Each structure stands twice: as C-alpha cells, then as structure tokens.
Amino acid sequence: MSEREAGEPWAFHPDASLQSVLDAPDCPALLRSALTGVYSYQLRTQTTVSRTLRAFQLMPQWIAALLALGASVGLEQEDGVREVPLDRLGRLTSNGDIAALYIPLPDSACRWGEAHVARTPSDEPIVAAFAWVKLRGRLVQAARVALTGVWPEGVRLATSEHALVGEPLTVEQIRALAGRIQDRVEPVGDYRGSEEYRRAMAGAMSRRALKACMEPGGSDA
Amino acid sequence: MPRDQTRTIRLILNGQKRTLRVDPADTLLEALRAASYTSVKYGCGTGDCGACTVLIDGEPTHSCQIRAVEVDGHEVFTVEGLAPFPARRLDDLHPIQSAFAETGAIQCGYCTPAQILTAKALLHRNPDPTRDEIRSALSGVLCRCTGYVKIIQAVERAAALLRDEGVCPFRHAAATLPGDQSLADLLAERNLIAGDWREPRTPLVISPPAMARLVVVGESESKVDGIKLAAGTPAFTDDVRMEGMLYGALLTSPHAHARIRSIDAREAAALEGVHAVLTHEDIPRVKYASGGQSFPQPPPYDQVCLDDKVRHVGDRVAVVAAASPRLARRALRLIEVDYEVLPHVLDAEEARGSDPPVIHDEQDTEGIYDASRNTVHRIEAAEGDRQEQWRRADHIFEREYRTSQQQHAHIEPHACITYWDEDGRLVVRTSTQVPFHIRRMLAPLLGLSEKEIRVIKPRIGGGFGNKQEMILEDLCAHLTIATGRPVRMMYTRHEEFTSSRSRHPTVQRYRVGVTNDMEVVATELDLLGDTGAYGTHGLTVNMVAGQKGLTLYNSPYSAFRCDVVYTNKPTAGAFRGYGAMQTHFGIETLMSEIASEMGWDVVEFKRRNWIKDGELLVMATALGEGREGFEQRIRSNGLAECVRVGLEATQWYEKRRKLNHASAVNATDGCIEPLRRGIGMSLMAHGSGIAGLDMAAATIRMNDDGSFVLLVGAADLGTGSDTILAQIAAEELGVAVDDILVHSSDTDFTPFDKGAYASSTTYVSGNAVRKAAIKAAARIRKHGAAMLGVELRGSRDAGERDGTRQEEVGDVPTTGLEDIELHGGSVRFPDGRRVTLEQIALSSLHQQNQHQIVASASHLSYDSPPPFGAQFVEVAVDTETGQVTVERVLMTVDAGRVINPITASGQVEGGIAQGLGFALCEEMVYDVDGRLLNPRLGPYHVYKADEMPDIDVIFVQTDEPTGPYGAKSVAELPIDGVAPAIADAIHDATGIWLREVPFTPERVWRALRART
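Chains A and B are the protein sequences, given in the same order.
In this text, residue positions in the first sequence follow the working numbering: the first is 1, and each later residue adds one.
In this text, residue positions in the second sequence follow the working numbering: the first is 1, and each later residue adds one.
Next comes chain A alone, as it looks inside the complex (with noise of 0.2 Å):
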C-alpha cells in the first residue's frame, strides 16, 4: 500500500497480496470480513490483488466487497494510467494492465453490512451480500450492494442502490429495496442451491446486509 494524503483512496500495487490488504492497519471492516473466513491464510498470501481483478469469480466475496466499497482500477494506458470503477472492468473489451487498486476511505458517514449463506460456517458462501450505505443526517447519500451467486458471473452490483438516495434508511425503504433485487438477479441454481433458492436468498441477504448499515456497529467509524 502506497501513502496516502487524508481524503484519498487507498492505492494498493497490483502485485500486493491480500494479506497485506488485510494487514493494513485501517482496513476496512467490510474487507476484512470478506477475506477472512472463506479465504485462508495461505491463499491471502498467495493471491495478488491483480489476480483476483482479472478473474471476478476466483474470490468473488472479496469482488463483491470492493464493488460495495466503490473501488477503482487503475488501468495503463499509452497516455497514463486511467482510472476505471471496478464494476466496469469486467466489461472493458481493452483494458490494459492494472496499475492499481483504488480503495475509497470509508469515513464516519460510512456504515457496511454483509450477510451471507453458506453449508457451514466457513464454506463458499451461496449467496453473498455487501451492502455500503454513506448518510447525511438520516438520509441516504450513496448506498451500494453487491452479490455473489446470484449472476451467471458470480459476482456483480445490484443496480438498484439508487432507490435509496435521499431517503431515510428504514426497514420498509430496505425491504423494498431487497425486494427489488431478489426481483433483478439472475441466478443459475446448483447443487449448493436452485435458481429458485438463490433467488430468495438474494432478498434476504441484501435486506440483511442493509440492515446491518443502520446498526452503528456496522461501521467504520
């Protein structure tokens, strides 16, 4: 991890590890929660941050975390180096090499949620949900969610966080929004769980993710 001026993101080379992501001394909850657990100690060591950007669905928690969070890529280019949303990386048909992972700093207006379901404890989630939600007052600023195991992808962001903006961070504006989701996803249903089940889950874990963000635990600050 580079230095940073207060107020900047996070750059991190793409050559790190995810270890070192995680031993940073102020990583974000939500990154910490989405690479401990499922991932060992041995494939945090081994894995760059480079890797896992190239190939979404290799540690998709840890994807779906980032795209919650907002984070960018640097990609080179043959006049600098261009700054991409991750979200968009996947979709680039020319993207040239990863100069950089851009982690936004969560601040105190930051709150982060995640929920998941999974076989047992510390197996491949089915479903996954990272919810972050920015507040001005009780009002929304920006809010995020993304999910693993409900796309054909692995992992994607939910494009419906808008609805949020502006509003208060209530159970009904959250069950709506959930709602929303479990509506949008596309699940491809197997043997750990149907398209059907998936589905639900895509509800329940985006409702429980978000409400996670109105606990003042489930933040940074």
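Just to be clear, a hint being listed does not mean it is correct.
[To be verified] Incomplete in silico selection of chain A near chain B, CB under 8 Å: (1) Gly37; (2) Gln42; (3) Leu43; (4) Arg119; (5) Asp123; (6) Gly193; (7) Ala204.
None of these hints come from the bench; they were simulated from the model.
Since the model is a prediction, treat every value here as computed from it, not as a measurement.
Glycine residues also receive a C-beta, built at the ideal position from the N, C-alpha and C atoms.
Chain A is already provided as a structure; the job is to place chain B on it using the hints.
Relative to chain A, chain B alone:
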C-alpha cells in the same frame, strides 16, 4: 532429442543457499519433492487442502499453486529446516513440533508439516494469538483425522513454550464415580457444564470404583510415531524414489456406461519415455472383488483389472508407465478409445425398476442375485414372533430416511510403488489398511503365488475404509511386470473422487411398533443400498447396516429386507461407520420422532428400549458380515452412565425447556429474529471387530538391551494403534512405551493380521499383543529365576490368569511366576532381589541356557462387544435461510477401559468432524450424464479448523471381560450419531424433521416452507 528446457533457480532453502534445476512447468511442490523435501505433501493440486504448504519469505503458501521458477531469489522454508535429522527425542524438535507430538495433534501425520509451518508463520506474526486467530490461521490446511481440537491446543502450547512460559504435561483428567465428589461438582470443576465450555479441555475419563489403575495402559502416552511425523521424516509410500522408477497413470472413462469397441494406444506407446501401455487386451481376464476382506471374500467377483466395458465415469480403461508423471499423463491423452455409449442409470430405485440398463451383463460374473434388475444382493433376516409382536403394538410408525454418497477425503491419496527385489519377488509398497489381504488378492491377478509377493505398509495418511480396497496395487504391479522397472502410481484428488470408493447411499424405510407404555415391540427395516458400479463391500456394509440398525433397540421382533443394487456411479465401499452410520440416522431419528409425536420424554423412551447388559443381540446370529454371525450377548454396557453424564453436562432438560421452539424479537424493527437454537441427542452402539472372523497375531522379541520388538500385522492408518499396542505390551512386560519398538506391517516379517477395519485393532489385535506379551513375560520370569537359582513351584500356567488357553502357552513352566513382578525394566522377586531386563537379555542370548526370548500369539473372538455412546448437539438454525450451525458437540463414550485417552479422544473428535460433514454438507453430486459435479475438496467441502464447533469428550469406562484390560473399540462409534443428534436438535429448534442428509440450507429452507 527434445531440447532441455530446465532452468536453474537460486533460493534460500531452509536457511541455506541452494540451486535447483527445474522445469518451467514444475510447481514448487514438484520441485521440492524431487529435491527430497518430502515433508511437503501432495493432497489435491488445487490449493484446497493445504498439505503442500511451505513458507515463502515467511508466509504460508500452497506450493502446488505456484511454479518453482517463481521462488527464484526468495526464501523457502519447509519442516525439514526446523529440526536436525534424525530427530530422535522430543527435545530434538522445535517447540511447535514437540507441542504437536505431545498433545496428540498428530494422527496420520500427513498434514502435520503444513499445520506446523502455518503455526510457525502465525506465531512469528503474533506470539500470543487468541484461539479464534489460531483457528483462522489454520483454516487453510485440512485435517481429516483430528477434528482440529488438539491441533489448536498444540499451537496454544507451542505459543506458550515460545514465550518461555511453563506448560504442564498434556494428559487427560481422571475421576472415579461414585467417589468423593458428585457428578455435578466434577463436571463443574472441569468446566464441562454448559455455558462454561469456551475453554478447551483434555478428555475426562470417569472410572467405576472397582476399576484398578494400571501403569501404562490408561495413560496419555505420546504416539510412538509422533516425533518422526512432526519432523516430516520420509515415512509415507510416496516418500521414496527408486533407481529407474517409472510413473504410472490411469486413463478413465468419460462415460457412465459404455462398451469399448477398440483402443488404439500406438501413438501413446511410441512416445519417447513411455515404457508400457496396458489395456484390457494385454491383461488376463481374472475375476475378483476389490474389497480387502477375509478369505473367501464375499461375492460377487464382478471386476477384472481392465475390462472391455466401463460402468461409471472414472472407471478404469488403460494404464501407462512413463519416465515422468507429466509424460504419463501426456501419453494418456494420445490413447484413442472408441466407445459404444450405453444407456445408464444413476438412481438406485430406477436401477432395480422395470427394464433398466443392465450394468453387469457379462457372463463370467457369478453370484449376482438378479443381474437383469441390477440387484447384486437380496438380504432377508428376521427374528422373533412377527404376528405376536405386531399384535402388541398400539402405535405403528413408518418413515423413510435417505443418506448420501460421502467421500473419505483422506488427505494422502492412494499411492503404491511396486518393484522386483533381488530374489525376483514382487514388492508392493502401498498405502493400505489390509496388507495381508492385498497380498492374497493380488496373487491370482498377477499369475504369481502369494509367496512371490511381499506387501509393505509404510505410514498411511488416513484411510477411513477407502484403503481397505485394492485400488492401485494390481495396475501398478502389472506395469512392473510389463516393464521390469519400479513403478509408482498415485491418484490425483479428482481420481480419489471418481475412481476410488465412497459411502453407500441408502434409502431406509423403517416400520416400528410401540406400546402405550413406551415399549418398542417390532421393528422392520427395508433398506435399499446403492453400491455403484461394483459389488465389493456391498453385501457386508448393508448386512452391518441391518444388524446395527436393528440392534440398539433390539426389538423382540426385528426384520430386515435389503436390496443392494448397482448403479452407474463410482463404486461405494468401506467407510468408517460401515452401514451402521446410515441406519443410526434412520433409527435414532425415528425414535426421536416417535417420542415427539407421542409426547414422551425422548431420553426416557430410549432408556426403556435400549439394549441392556446381559441381553442377546437379536440380529447378531442372522446378520454377520457376509455370512451368518454368532450369538452375542452384552457383557458391558455403559449407556446409562453415558446418558446420565451427558444430560448433566449439557443441562439437557433446562435447555430443552429454554430453547425449544424459542424465538426472540429483534429490537430494531420488531421483526421476528430468524435464528433459533435447539439441543438434540442420539445414542449409538457399534462393534469391536467381526465376531468369529477377524484374527490377529503378534510377536514380541527381546533385544540385548532389554527392550522389545513388537511385530504386528495391524495397520496403523493414523489412529494410534501402534501406540496402544505398544502400551499393552509395555504394561505386561513392565517397561516404558519407548522400550517397545513397533513394526507394522510387512507381510514378510510381521505376523498375520486381518488389517485395520471394523473397529478391530484395539480389541482383536490388542488381545493378540497382550497374549504374546504374557508369554514373553513368563519366559523372562523363568529365565530370571534360573539366573538367581530360584526354584519354581507348581504347574499353574501364568497365561490362565488372563484367559490365555493352556495350549497357547506351550511348555513354559510358570509355577510361582505370578509372584515375580515385572516392573520398571526389572524382574523383582519376592525376596527383594531383582534382575534387570538387560541382564536377562544378555544372559539368555549369550550366557545361560541360551535362547531367544520371543513369543507369538493369535487372537480371534466370537464376541464383538459394542462400544456405546451418547452425543449431545446444540445448534443454531437460521429459519430464513435454512443454514444450520452446530455450536457444541458433547460425546460420552463407553469404550470399555480406554487404553490411551488422548489418542482415543482424537478418534472421537475426528469421527465427529466427519459426521458433521455427513450431516451438513458432504455429498457427491452428479449431472445427468453421471459426471461428478464436485470432485474437489473445496466445492465438496471438508470441515475446516475455523468452523468446528466446541467438542467435549467424556469417557465412561466399563470393564469388558473379553477385551484387553477391559477395552472395546472407539474408532467408528463417534461418526454414527452426529446426523441424528443434529436432526433432533433442528426439530427442537424449529419443529421440523429432516429425513435426508446432508441438511443443506436449501433442504432445511424447503422443509420449513413446506410446514408453513
């Protein structure tokens, strides 16, 4: 000649500058093992198991996941760098290694180097980690043996040692009940009462007052192989390399069912470095059954080494021997096979339905019950008065239960090395539980006599029944015969899933009749067992399923009807639990269901009906293993005490009241909190060997220095059997365990033993060792008496004291010998004189009445005394997602007298871990074409260190009169009860019964939705 593409890398390896020549394609794992760093193990090749962990620049890394060239210029550390070679004593080891050896953290030892290195990295970062930090750090290394309990304790101990803090000897806690304190006080003192169980504890051993304490037996001795396994010493099959050795590889079927029209192997055979390609056209068609069982093996003999038909995806097609593993795999890709794809059947019900695809249509297999309906066996047995007992029943309950296909997932894959020795005899070095059966089974397949074959069993990296099979030995031997060269074969993890063995899936239909006063009067079990493509253990597993599934409650009328059917799935075989686990799930869940439906206390209902001391096992005679059994009566039964202790330790009744269908209200939004907690229990009974069939022998020989060599054919597959057999010998001979040098097993040098299966080693092999030790002790006493001129009186045979028959002891005059003590390495006479064992050894070998003090004995029992147990499980059920999380498992065990509480509790903890997988996640799943969808340890999912519940083990000792020092078995019992205890706990939490394992979130979710 192909251009040499190897390149040199420079690295710091275990603190020394090294250069290695590597192929750019080599993984670091391959490069290190090629350079003789054999502590680094292959387990999966996909980064799932962690057995290949090394430290790169101080951080743990899966060496199978990076190329050797990537460590050029880096520091690499393996366990070989921790301690000097050879490590002979605990003091020679690094504190982390010694902690592992002392705490019983090592069972098979295959994953131990990886665990130790991971712990080293953790403790370097964090010298005082919390238990959760340890669990998290260790989660990247799978252990299939231990349940991680003692591994975590080892790391805590190592951390304390490295901080220069004092540590106490690691041993069990012992208590006598009834004694000076009450059970409640005892449990409280040991922090075993529920709510107080966050700190790990060593096992508690409760003894009855009449049970005398022994010197070595019953002590928590460190494993005799612990030091070498902690040191990563080359001890496993694949840890040796031989001059000119070739590497075998197996071509397997991509189809579930097909006939091979032709195979063209010319291109593969022509590849430079390929020495042999064998197909069904090259190997004589000799029928056999691959299950390693006593002679004669149960029918049918429905296999040949290589066939012109394949019956499941992963079935054998051809085999290659080449100069390197990579070349062998390349050659496989060049073999062209023309298949006639046949209709296949994956479902057991369909397989025996009308007009199914016939899987065994060959003419030369005899003994299939009905090949046209794929029914390999039909088993029927009944005892008692059917009409009378059903007439007595006031209520009849019928339920269906289903169990899945679980894979053993031992971390060491099947491995075998074959070669011709200097006498022209074929040597088979193999990871097997049954060396003597392998020798007998191999001979006809190879056209050799048994005396021309020698089987050596090195250390085994776990087996759990899967190595009670001939999986690779025949193919490897055929390649050695074809090439004249040493050949090594080792399965990949994928092949372990598709081409070894697994647990028989079952469909169980139970019908139970009960009276209004809680008596179970009639039990019928209709079982459908799925043996997959071949019969192997199909008959015996399913007979045991019937026998055990109808024994625990021993109804006056019991009936068993079973069809064992072929399907086009990978073959099922022996697996810890061996049928009993499947039917324990059925009967235990049904008993709990009946109690719930009738409004009875489940504990009281079971108590009224469980088999009691002195009772005959109703089905034991009708259902042996592959043949008729023998009448058996319960002579020791600690079930009542197991339940009493378990109820107290879990505060059962208080929790059932508190947790039953409990729900809380979320303060934030008034929603119903979906997490509910419940507590459940199950009982279990198993066996100790196969009555009237399992035979073991042992030989004890005295060395010049008064130590002993103990030769046993018993196969320690990580269970610690070598250690407990040494303890038995040491107890009788009056020496310390480290004066007993155990060798197991080599068909040329160790006496016969049926092998390690059926929970037989402690009971059957232990009795053989004890008998041999008694004989040897008598000869030592006699020689000592002669040395001192002591005149021996009378004719009483020393062996009679312990049940050894007169003819087995032979001509040893033992009169008055019982007055002569063997203790502390000396022979002590009543008049106070003593002679050391070393003096006796030197005298007997070199000076006086010169002879070798040596004794052998055999043991066979017509009893198979059941160990008993009770498991208590606490779960949290997320009623919105269906996820079940097990928070605590407490098991109380009656294994007779426990020979070694630490190794025995390790068996219990490991069995519970495997039972958790069976109950909650492990399941081999196929697509419609019969291809396995989860042939990797990750997606299949084996429990990891950081997700294990708290486990407590309490032994409730009984004195089994037929067991060595009162011992019974312990290895299989713990796996039997986990699933039904969890089912009971889920019901307690939610009110739903689950009748199919595993209890995946979706299954629970659907069951909850169906109710509402």
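Under the constraints set out in the numbered hints, which ones does this structure not fulfil?
none
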